[in-house]
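If you read the sequences in order, they're chains P and E. End of the first sequence sits at 116 in the working numbering; the numbers just go up one at a time, nothing left out. End of the second sequence sits at 778 in the working numbering; the numbers just go up one at a time, nothing left out.
Hints in this document: simulated from the structure, not taken from any laboratory. Be careful, since some hints might not be right.
Said to hold, decoys possible - Sample of chain P residues facing chain E (criterion: CB under 7 Å; computed from the structure):
id: 1; residue: Gly18
id: 2; residue: Phe22
id: 3; residue: Asn33
id: 4; residue: Ser96
id: 5; residue: Phe107
As the list claims (entries may be wrong) - Computed beta-carbon distance windows for the label pairs:
id: 6; chain 1: E; residue 1: Arg681; chain 2: P; residue 2: Lys55; range: 48 to 56 Å
id: 7; chain 1: P; residue 1: Lys73; chain 2: E; residue 2: Asn731; range: 32 to 40 Å
id: 8; chain 1: P; residue 1: Pro109; chain 2: E; residue 2: Gly747; range: 14 to 22 Å
id: 9; chain 1: E; residue 1: Gln667; chain 2: P; residue 2: Pro109; range: 35 to 43 Å
Unchecked claim - Straight-line alpha carbon distances no greater than 35 Å define the calculated DSBU-like cross-link-like pairs of lysine-lysine that follow:
id: 10; chain 1: P; residue 1: Lys59; chain 2: E; residue 2: Lys720
id: 11; chain 1: E; residue 1: Lys732; chain 2: P; residue 2: Lys15
id: 12; chain 1: P; residue 1: Lys55; chain 2: E; residue 2: Lys701
id: 13; chain 1: P; residue 1: Lys59; chain 2: E; residue 2: Lys669
id: 14; chain 1: P; residue 1: Lys20; chain 2: E; residue 2: Lys669
id: 15; chain 1: P; residue 1: Lys5; chain 2: P; residue 2: Lys102
id: 16; chain 1: P; residue 1: Lys5; chain 2: P; residue 2: Lys57
id: 17; chain 1: E; residue 1: Lys720; chain 2: P; residue 2: Lys55
id: 18; chain 1: P; residue 1: Lys55; chain 2: P; residue 2: Lys15
id: 19; chain 1: E; residue 1: Lys732; chain 2: P; residue 2: Lys5
id: 20; chain 1: P; residue 1: Lys15; chain 2: E; residue 2: Lys720
id: 21; chain 1: E; residue 1: Lys701; chain 2: P; residue 2: Lys20
id: 22; chain 1: E; residue 1: Lys669; chain 2: P; residue 2: Lys15
id: 23; chain 1: P; residue 1: Lys55; chain 2: E; residue 2: Lys775
id: 24; chain 1: E; residue 1: Lys732; chain 2: E; residue 2: Lys701
id: 25; chain 1: P; residue 1: Lys59; chain 2: E; residue 2: Lys765
id: 26; chain 1: P; residue 1: Lys72; chain 2: E; residue 2: Lys701
id: 27; chain 1: P; residue 1: Lys57; chain 2: E; residue 2: Lys732
id: 28; chain 1: P; residue 1: Lys72; chain 2: E; residue 2: Lys720
id: 29; chain 1: P; residue 1: Lys102; chain 2: P; residue 2: Lys73
id: 30; chain 1: P; residue 1: Lys73; chain 2: P; residue 2: Lys15
Just so you know, even glycine gets a beta-carbon here, dropped at the ideal spot from N, CA and C.
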Amino acid sequence: DVKVTQSSRYLVKRTGEKVFLECVQDMDHENMFWYRQDPGLGLRLIYFSYDVKMKEKGDIPEGYSVSREKKERFSLILESASTNQTSMYLCASSLSRAGKETQYFGPGTRLLVL
Amino acid sequence: DQQVKQNSPSLSVQEGRISILNCDYTNSMFDYFLWYKKYPAEGPTFLISISSIKDKNEDGRFTVFLNKSAKHLSLHIVPSQPGDSAVYFCAARDLTSGTYKYIFGTGTRLKVLA
């Protein structure tokens, strides 16, 4: 079974803090993704990576950065947290193979920025 | 501009009846579609997929229909069970993007009444 784990289920941070969200997958997937889920807006892609040290902006990258130093780990960084970054953050991974490209999600991190 | 739309934010169905969840898209280059189910406080889990070369795919109680000319996707659940109560997301991949990036809809909350 594919397993995607996220470092925290719940986080409370203060405005201006630097926040690290970690994601690890154990199935040797090439692709990794960070989304945020907000009511009425669905899942919106922040960043994704298709290989180690490679990253591409998604639809809402502003205020975020990412790091992928190892294939299994993809980190999302909020350089200076703001209240509008309060959200549910979801990490996912997938293979780069047509027909086998299902994304597998972690349990999510609910972040509250005060 | 929302390329993948789920126009019904919520749906209630009696147990044993059919649930039909709809998804519309605007990009004719979308070539692969996924449906995910999400329970509260959990990450989305893959449900069923369909390639643009097909118009139907079935897996047990779940069937996905694709109407390419109408750019419309639907998920049928028959018979509906209380455990099917969740938020359902459709997602689409753009063939021309050269990546395995998906665009998600805003979700439909299904409630199956016992």
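Each hint, compared with the structure:
no.	hint	verdict
1	Gly18	violated, 28 Å
2	Phe22	violated, 19 Å
3	Asn33	holds, 5 Å
4	Ser96	holds, 6 Å
5	Phe107	holds, 3 Å
6	Arg681/E / Lys55/P: 48 to 56 Å	holds, 51 Å
7	Lys73/P / Asn731/E: 32 to 40 Å	holds, 39 Å
8	Pro109/P / Gly747/E: 14 to 22 Å	holds, 19 Å
9	Gln667/E / Pro109/P: 35 to 43 Å	violated, 27 Å
10	Lys59/P / Lys720/E	holds, 33 Å
11	Lys732/E / Lys15/P	violated, 45 Å
12	Lys55/P / Lys701/E	holds, 31 Å
13	Lys59/P / Lys669/E	holds, 22 Å
14	Lys20/P / Lys669/E	holds, 34 Å
15	Lys5/P / Lys102/P	holds, 16 Å
16	Lys5/P / Lys57/P	holds, 22 Å
17	Lys720/E / Lys55/P	violated, 38 Å
18	Lys55/P / Lys15/P	holds, 27 Å
19	Lys732/E / Lys5/P	holds, 34 Å
20	Lys15/P / Lys720/E	violated, 46 Å
21	Lys701/E / Lys20/P	holds, 32 Å
22	Lys669/E / Lys15/P	holds, 33 Å
23	Lys55/P / Lys775/E	violated, 42 Å
24	Lys732/E / Lys701/E	holds, 23 Å
25	Lys59/P / Lys765/E	holds, 11 Å
26	Lys72/P / Lys701/E	holds, 29 Å
27	Lys57/P / Lys732/E	holds, 32 Å
28	Lys72/P / Lys720/E	violated, 39 Å
29	Lys102/P / Lys73/P	holds, 18 Å
30	Lys73/P / Lys15/P	holds, 28 Å
Violation of the numbered hints given earlier is confined to hints 1, 2, 9, 11, 17, 20, 23, 28; the remaining hints are satisfied by the structure.
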